[in-house]
Structure formats: C-alpha cells, structure tokens
Amino acid sequence: MELAFVIEKVVLVTLIFVVTLVIAMYSTLAERKVAGFMQDRFGPDRAGPFGILQPLCDGGKFFFKEEIIPAGAHKSLFILGPTIAIITACIGSAVIPWGQSLTIGDRVIELQVTDVNIGVLYMFGVVALGVYGIMLGGWASNNKFSLMGAVRAASQSISYELAMGLALIALLMVTQTLSLKEIVEQQSGFVNWNIWVQPLGFLIFLVCAFAECNRVPFDLPECETELIGGYNLEYSSMKLGLYMFSEYINMFVSSALMATLYFGGYNFPFMYDLGLSQNWITIIGVIVFFAKIFAFIFFFMWIRWTLPRFRYDQLMNLGWKVLIPLAIANIVLTGVITIINDTFF
Amino acid sequence: MESELLSTPQDFVPILIQLIVAAGFGVGTIIITHLIGPKVRTENKLGAFESGVEVIGNARQPFSIKYFIVAILFVIFDIEVIFMYPWAVNFREFGLSGLIEMFVFMGLLLLGFIYIIKRKALEWD
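Line by line, the protein sequences are chains A and B. With my numbering, the residue at position 276 of the first sequence is 276, and numbering never jumps. With my numbering, the residue at position 113 of the second sequence is 113, and numbering never jumps.
With the rest of the complex left out, here is chain B:
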C-alpha cells in the first residue's frame, strides 16, 4: 500500500519532548514537596505501618510461587501475541493460506494453554 509511509526518526522527537515535560513535572513536584513540607522525624513514624501490630521481620521474604508461574506464562504468551501483530496488519494480503498458517500457530498455542489449565497452573486456592 502506498499510504503506509514509514515513520522517520523525526516523528519520535515529539514523544521525547512529551517525556521531558512529564519527567520535569514528576521530578519537580517531588523536589518542591521535599523542600516545603514539614520534617519531624520520630522513630515510630519511620517504622513500617502494619495496622498497629508490631512488625515482625523483613517484608522481603519468600513469596507465593503462584505469582512467579503467572509471570512466566505471561512472558510465553506475550511473545506469541507480539508475533501476531505483523501478521494481523498484513493478513488480508496473505489471504486464506496466511490465515490457515496462523491458525496452526494458534492451535499450538492453545494446546499449551489447555496443558497449563489441566496441570492446574492457574488454580488459586
């Protein structure tokens, strides 16, 4: 298609400007509040707040493995999704054969998906 013009590096300059403005706002407000807010430090105030119960140990201790499994599964499936983007943009030009090829790919993806559900990787109890 002729209408699909390539983006030039110049097209990304405004994004850089927006990034600078956003970062300026974020950093600026944090510095200003640091300067104008009151500073009264006491030991109790600086302790971790856990509903008034005395804090036991450090918060950074081993955590439920379930979240880790979800993270790994996310990485696998997200890469599959990213592979589908270029196909989706061009799929009408590929026609029927392109569609079938993608269905084979998605079928394999689904097999893996059924497997993780059968293995109860996504059960929360």
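Just chain A, with the same shape it has in the complex:
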C-alpha cells in the first residue's frame, strides 16, 4: 500500500466528514426554516442574513454549557453513549459512492471512500450498531424516563430493522450484488433506476428509515410530552449536542442510502449523451446526487411537520404485522417474476 493511496483516502475521508458535519448543522436550521414555512412564520432570522449563522451559534453554545453527570449515573457508560452514537453515525458514509472518478493529472480519484463487496451488509451492520448509543445513554442515566425512552428506542429499532432487511433482500435479488458502487452503476440513466422495479420495497425501506432515525412519526423514544425528552433527558452540553448531531447525520446518511439504492445515486438522465468529458459527468453527478439527498432530507422534515406521532401499539403493529408480511410478499413476488422472466423471455 503506497503512501499516496493513504493520503488520498485521508483527504477524502476528512472532506466527506466535514461535508457531513456541515450538512448536519445546517439541517437543524433547515428544519426550523421548513417548520416556519409550514406554519406560516419566519423561523430563525436574527443571527446573520436569513439566520445562516444560527447553527454556528447553537454549536458554540453547546461547547460553553456546563456538562452535568448525574450523581446516580454510571459515569463511563454515560460518556460512552453519545460517543458511540456519533461514531456509528459517521462511519456509515464510508461505502456510499458520492460520484464516479475524477482524473487529476494522471491520478484517477474514486469519489468513494472504499468500494467493498459487502457494502450493503456493512451499512446494515452500522445501522444495527446505532441502537447501542441510545440504549447505553438511556440506561446509564439512571432515570426512569431515560430508561423508558431507551427501551422503546431499542425495541423500535430492532423491529424495523427486520422489515428493512427483508426489503433489502428483494432489492438484492434484482441487483445480484452487495457492492453499492455496482448497484449505482447498474442504474445508469433514468429508466434503470431501482425504484421502477422495487416500488413496494422502496416504500417499506422508507418507512423503516424513518423509524431507524427516530424521526416523526416514529419519535417515541424522545417524545417530550410523555418522556420529557426520552433517552437524552439527563444529557447536557456537547454530549446532548452529539446525540442531536448523530440524529441529523443519520438522516443525511439514510437519505444518501435511499438515493443510492433506489434513485440511481449520481446517475442522471442522458448522462452519456451530452458529449461531456468524464470529469464534468462526475461533477454534475455529485451535484445531482446531493440534490437527491436534499430532496429526501426535505421530505423527512415535511413529514415531521405534517404527521402526528404514533401510539406505541400502533408502531409495533405496523412494524410486525404490516411491514414484515408486506416485505415477505415483495420477496415472493420479485422471485416469481424474475424466474418467469428468465425462463420464458
């Protein structure tokens, strides 16, 4: 392994990391702006023009607040909780292909941190790890509300992970590969997008993504009215900030994943017919990919300010008795149609 490879990867990782953090920061502003727009008011507009300095103020404030570790808390686990939450949120983006390749001089730079042949499985594993941060934090707080929030979060995440896994299997039956790069390459153009062959699978995946991110209408782990904040109730200062950050980063990564798996990733219509050079195709592709991601993030926020929260039994019924049977039916349907296609056509 040569040094240039390591340097290239370190630069790419750092760049993606910074972009992720900036997007997460500005998602908080966007969320409040979207809320303002939907409720016919302005949203934050004091810090800088249109409030664009608001996330910096919020972030700065997190740093200068007192951090409180409750006397009854398990100290090391209490600190470990938000750390694990932020780490798992940040490592998910490693396998997402952000674009094709850029040629600078005679060096070809792939705009993907790494293309492993188990990309989807890696993603699935990282998502499963995410629940540890919440569970540890909630349990270590030694507060009844926190514990309830944490147990709800764990139970909800694992329930929806099943349906998510089953929805992914139907997708893998179409793509025949676990590498995210190959999955994107297969969706070149517009008619090849996986959404056209897996609409039901996408719908199930979307619902599960909302549940995995603890977003409305699945935000039972942190509902203010019953649990006064849920698992992060006892947290303050940047530890609370890390939980908030990880929630928004998760939203960003799952938006990127949905765009990658079902909406063609960086592919855009007529990408090879316009006579553009490879570098330009890559640059436009990256812009298109981010446009898709932002569309999904906006959709997350739109839903938040539109739908009320589920009741807990409704949540579990939806996960176990609706989504899992639907996902299994989707697998059966995909299997039968593919085999008929392969045999007779």
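One thing to keep in mind: the hints can contain errors.
Example chain B residues on the side facing chain A (calculated, C-beta under 8 Å, incomplete) [unchecked claim]:
hint: 1; residue: Ser7
hint: 2; residue: Phe12
hint: 3; residue: Ile17
hint: 4; residue: Pro38
hint: 5; residue: Leu46
hint: 6; residue: Ala59
hint: 7; residue: Tyr115
hint: 8; residue: Lys120
hint: 9; residue: Trp124
Source of the hints: derived by calculation from the structure; they are not laboratory data. Just so it is clear, CB atoms sit at the ideal spot from N, CA and C, and this is done for glycine as well.
Put chain B on the given structure of chain A with help from the hints.
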C-alpha cells in the same frame, strides 16, 4: 461472474481511517467541553430529573417483559434474514429449484410468525 472481485483487506483500511476520524471528533469534543464548560455542582442539580417530582428508588428495576420478547423474536428473525442474503445475491443462478427451496424455508418462517401472532406475543395493551 468475473466482475465480482473479492475485496482485499486493503479495501477496509479507509473504513479504519474513517473510524479514527469519527472517534477523534467524538472524543475530542467531549474533552473540550469538559475543559471549557463551567462547573458548579449542587446536590439538586446532580439528582435525577423526573419532572420535579421527588425521585423514588432506582430506575433500574424490573421492566415490562414485552420488550424482552420482542428482542428474542428479533434475534430469531434477524438470523433468518441474514441467511437470505447470500441466497438473494446468487438466486438467478440457482433458478427455479433455488426459489422453491427458499420458499419452503420462508414458509417455515411464516408458520412461526403466524404462531407468535396467534399466541398474542405481539399484543400491546
């Protein structure tokens, strides 16, 4: 298929780099806030906050068994899902017989699923 290249350990090095960067950020911010934040400790502040009501006992007491059942069911079904991954990636090569075999497996899974629903393991009331 020739295009399916095996990943080498070198492919996972960038993931390690990303892990180090993420861990550095997480640990770094926690240390910085620990150093620059004010520290005024009072007994009330360090107590558990339960909406102003005086705290009774420890939070770590026996909890609803329902969540435990869900966790067990998750483990069972998640292992089934993991078994289906290698099949899903190769299922076009297996053809009709592979599909039927997987349907038998999924049928057994569904029987178990119907059983747990009939036994009201997933009822929340």
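Hint-by-hint comparison with the structure:
1. Ser7: With a closest approach of 5 Å, the B/Ser7 hint holds.
2. Phe12: holds, 7 Å
3. Ile17: Status holds, d = 5 Å.
4. Pro38: holds, 5 Å
5. Leu46: holds, 4 Å
6. Ala59: holds, 5 Å
7. Tyr115: violated, 13 Å
8. Lys120: Violated, about 12 Å.
9. Trp124: At 4 Å from the nearest chain A Cβ, B/Trp124 passes the 8 Å test, so the hint holds.
When each numbered hint is compared with the structure, violations occur for hints 7 and 8.
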